[in-house]
Every structure is written in C-alpha cells, then in structure tokens.
Amino acid sequence: MTKAEVINEIAERTGIEKHVVQETVESFFKVVKSSLSDGENVYFRGFGSFTLKKRAKKVARNISRNTQITIPEHFIPSFKPAKTFVDRIKKSDRVKKLL
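Numbering (my numbering), first residue to last: 818 to 916.
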C-alpha cells in the first residue's frame, strides 16, 4: 500500500477531504522525522515505536578501488512494532493465506 492509497483509504473511511488528510499525514511524518533528528524516540501504544539505533564504527572495503574505508559510528532510525500489533498480524487469516 502506498502513501496515496493510505490517504485515499482514510479519506473514504472518515469523510474528510483528501487534501486535508494529505496535509495531516505529511505533518505526521514531519513530526516523527524532526523528533528523531532531535534525539527523541516516538512511541505509539498498541502500534509501535520509532527509535534511534546506534551503529558502531566499522571498517569497510571499497571494492572498485581496493581500499579500506572507516565508517564512523552513527545512528539510524528504526521501527519496532508493539506486541499487540505483532499478535494481530500473526492471527490474521489473510496473512496466513500468504504462507
């Protein structure tokens, strides 16, 4: 499902105009991005958590030049689904059919 499809689905279910839903969804993403870039985690009870994970410094290889590159430690965004969310997916009949 794409972002446009999510916006259409929300607009249909709520009766809110698409452009208002689109602005809301875009604002949601902006808040999550800015919170994570400020070092704050974002938690949604029953859905999941957007957190920062620290990646350690490592040495990598540039294959084309056959040289070593040192990649410094850094943070990456990560999503961890809530237990209730995971359980709901596991119990879903549609997902079981995909197996």
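Any given hint might turn out to be false.
Below 27 Å or equal to it, Euclidean Cα-Cα: the simulated DSSO-like pairs (lysine-lysine) are [as the list claims (entries may be wrong)]: (1) Lys847 <-> Lys870; (2) Lys897 <-> Lys870; (3) Lys900 <-> Lys874; (4) Lys913 <-> Lys820.
These are computed hints drawn from the structure, not numbers from a lab.
Cross-check of the supplied hints:
For the given pair, Lys847 sits about 19 Å from Lys870 by alpha-carbon distance, which is consistent with the 27 Å threshold. Only pairs whose Cα atoms come within 27 Å are accepted, and Lys897 paired with Lys870 is accepted, the gap being roughly 11 Å. For the suggested pair Lys900 and Lys874, the alpha carbons sit about 31 Å apart, so the restraint of at most 27 Å is broken. At most 27 Å may separate the alpha-carbon atoms for a hinted pair to count; Lys913 and Lys820 meet this at roughly 25 Å.
Violation of the numbered hints given earlier is confined to hint 3; every other hint is satisfied by the structure.
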